[in-house]
Amino acid sequence: MNRDNNIYTVLFACAMVIVVGSILAYLASALSGKIKENERFEKQQNILYAMGVNENEDEGSVNFVPTDVVEQEFTTYITKQLVIEGDKITENDEAYLIDLKKELDKLKNGATPKLPVYVGDKDGETFYIVPMYGKGLWDAIWGFMALDKNMIVQGVYFDHKAETPGLGANIKQRYFMDDFTGESILNGDNYTGIKVIKGNNDPVNNIKDDNEVDALAGATITGNGVSAMISKTVTLYKDYFESIRTQ
Amino acid sequence: MAILSKKDSKLILDPLADNNPITIQVLGICSALAITAELKASIVMALSVVFVMGLGNVVISLLRNVIPSKIRIIVQLVVVAALVIVVDQVLKAYAYTLSKTLAVFVGLIITNCIIMGRFEAFALGNGVKRSFLDGIGNAAGYGLILIIVGFFRELLGSGTLLGYAVLGNPIEKTGLYAIGYENNGFMLLSPMALIVVGLLIWVQRSRNPALIEEN
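If you read the protein sequences in the order shown, they are chains P and U.
My numbering numbers the first residue of the first sequence as 1 and each following residue consecutively.
My numbering numbers the first residue of the second sequence as 1 and each following residue consecutively.
Just so you know, these hints were derived from the structure itself, not from any lab.
The C-beta atom is built at its ideal place from N, Cα and C for all residues, glycine as well.
Do not take every clue at face value.
Claimed, not checked - If we take Cβ atoms under 7 Å as the criterion, some of the chain P residues that face chain U in the derived model are:
| # | residue |
| --- | --- |
| 1 | 9 |
| 2 | 34 |
| 3 | 36 |
| 4 | 165 |
| 5 | 217 |
| 6 | 218 |
Stated by the list, open to error - Derived DSBU-like pairs (lysine-lysine); straight-line CA-CA distance at most 35 Å:
| # | chain 1 | residue 1 | chain 2 | residue 2 |
| --- | --- | --- | --- | --- |
| 7 | P | 208 | U | 40 |
| 8 | P | 43 | U | 40 |
| 9 | P | 43 | P | 106 |
| 10 | P | 80 | P | 232 |
| 11 | P | 106 | P | 232 |
| 12 | U | 100 | P | 195 |
| 13 | P | 135 | U | 100 |
| 14 | U | 40 | P | 34 |
| 15 | P | 88 | P | 232 |
| 16 | U | 40 | P | 102 |
| 17 | U | 100 | P | 149 |
| 18 | U | 129 | U | 70 |
| 19 | P | 208 | U | 173 |
| 20 | P | 34 | P | 101 |
Isolated chain P, as found in the complex (with noise of 0.2 Å):
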């Protein structure tokens, strides 16, 4: 048949879109129960960085839980989920996967988002972990910030969808993240998070009652980005936190 007939392209079309369709569907359903499953490791792996749990060697690592072992951990580790919704707080064991941008996305439509909390126990220490969400410069970013009763921070973890290597994208290394640990999300009363600052003259972050932590070079928006998802997560958790705090 003449390759340039229009019936003849029609009919490659076709038949190039239901073949590379079949086998694209065929993977994506074959591969969905993995990759689900993966997800849900990397989670359970986040939260438990966040408070600490997990296999950092040297002072530039970051090592989560083993994936083999990360399920019993989690369990081990993590003593009770809840979830905030309005004023209730039920308690959920699958509270962990709760999807915090649809969550999230609700309160733009006025609805009751549902939030979730982690309660974890380590070495008779009491963590209230809880997700956050926000924007980086080119695309979502989100992690997990670790506070004990007086709503000092413990260990945060950081990550992102496209942030650029070598700048943004630099949210997740250790000397970064190792920063937020000690620092108050409290000002006095005031619920004030914490705001990643240019030039505070403080880059080892030795001073701990400032609510600031030194930018990272080159990310200014990433680094606003990350200050504003702080600062969100205070204010929609406020009254979760002010019943720990003042009980």
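Starting from the structure of chain P, add chain U where the hints point.
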């Protein structure tokens, strides 16, 4: 007896040096600028492009006698996009950590003009074996430049290689930083990648004047 004939081995070796897709053909510059701030990202991108371009050239070569010429570019795009999705899904299932590193770059493979360029210029007119070798060769040539650029940008921009601090600690002022060395933050920005690629083109052409265009 050699595995590859002299003509076939040229398909692999030429793009590594005298017919390099980046420094000679000046293709694939956009992704070379975007992702070379870290050596690890450069290596991952290079390996992914080797896979996509090698297999993509084979698929296009197999279909070359049945593809309608009017929609050949669309067919080429569908092939490269499908291969990229396959790579992404398989990595997500079996090498999840690596797939997270790749996340930003997978999309960039689809827009890589070298891939479309080789489909159009070579795979549509040659047999499967030669197309495969051409794909691998050009992807390796592209990857080589990416790795060289990534090496210098990460070393001079962050003082690290593959994430390991090799020049000392810039905050505690150890190693080279103790004698006053400072990381060059400009190295992490895309304009500097263009300058590094320009320097590579300069070095290559001054070593081999035959590559310099007359006009």
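Right, here's what the structure says about each hint:
1. Checking residue 9 of chain P against chain U: minimum C-beta separation of about 4 Å stays under 7 Å; hint holds.
2. Evaluation of the residue 34 of chain P hint against chain U yields a held restraint, the C-beta minimum of about 4 Å falling below 7 Å.
3. Contact between residue 36 of chain P and chain U, as hinted, is not supported at the beta carbon level, the nearest pair being about 10 Å apart and thus beyond 7 Å.
4. Taking 7 Å as the C-beta contact cut-off toward chain U, the hint placing residue 165 of chain P at the interface holds, the least distance being around 5 Å.
5. Interface restraint check for residue 217 of chain P: the shortest CB-CB distance to chain U comes to about 5 Å, inside 7 Å, so the restraint holds.
6. Taking 7 Å as the C-beta cut-off, the interface hint given for residue 218 of chain P holds, the closest approach to chain U being about 6 Å.
7. Between the alpha carbons of residue 208 of chain P and residue 40 of chain U the distance comes to roughly 34 Å, so the proposed pair stays at or under 35 Å and holds.
8. For the given pair, residue 43 of chain P sits about 24 Å from residue 40 of chain U by alpha-carbon distance, which is consistent with the 35 Å threshold.
9. With a C-alpha separation of about 22 Å, the suggested pairing of residue 43 of chain P with residue 106 of chain P holds against the 35 Å cut-off.
10. With a C-alpha separation of about 23 Å, the suggested pairing of residue 80 of chain P with residue 232 of chain P holds against the 35 Å cut-off.
11. With a C-alpha separation of about 14 Å, the suggested pair residue 106 of chain P and residue 232 of chain P falls inside the 35 Å cut-off, and the hint holds.
12. A C-alpha spacing of about 27 Å is found between residue 100 of chain U and residue 195 of chain P, which places the hinted pair at or below 35 Å, so the restraint holds.
13. Between the alpha carbons of residue 135 of chain P and residue 100 of chain U the distance comes to roughly 18 Å, so the proposed pair stays at or under 35 Å and holds.
14. Of the pairs offered as hints, the one joining residue 40 of chain U and residue 34 of chain P holds, with about 26 Å between alpha carbons and a cut-off of 35 Å not exceeded.
15. Proximity of residue 88 of chain P to residue 232 of chain P is assessed by CA-CA distance (about 20 Å); at most 35 Å being required, the pair is judged to hold.
16. The suggested pairing of residue 40 of chain U with residue 102 of chain P holds, with an alpha-carbon distance near 33 Å, which does not exceed 35 Å.
17. Of the supplied pair hints, the one linking residue 100 of chain U and residue 149 of chain P holds, its CA atoms being roughly 33 Å apart against a limit of 35 Å.
18. For a cut-off of 35 Å, the pair hint linking residue 129 of chain U to residue 70 of chain U stands: about 26 Å separates their Cα positions.
19. In summary, the hint linking residue 208 of chain P to residue 173 of chain U is supported, as the alpha carbons are separated by about 22 Å, within the 35 Å threshold.
20. For the hint linking residue 34 of chain P to residue 101 of chain P, the alpha-carbon distance of about 22 Å falls within 35 Å, and the restraint holds.
When each numbered hint is compared with the structure, a violation occurs for hint 3 only.
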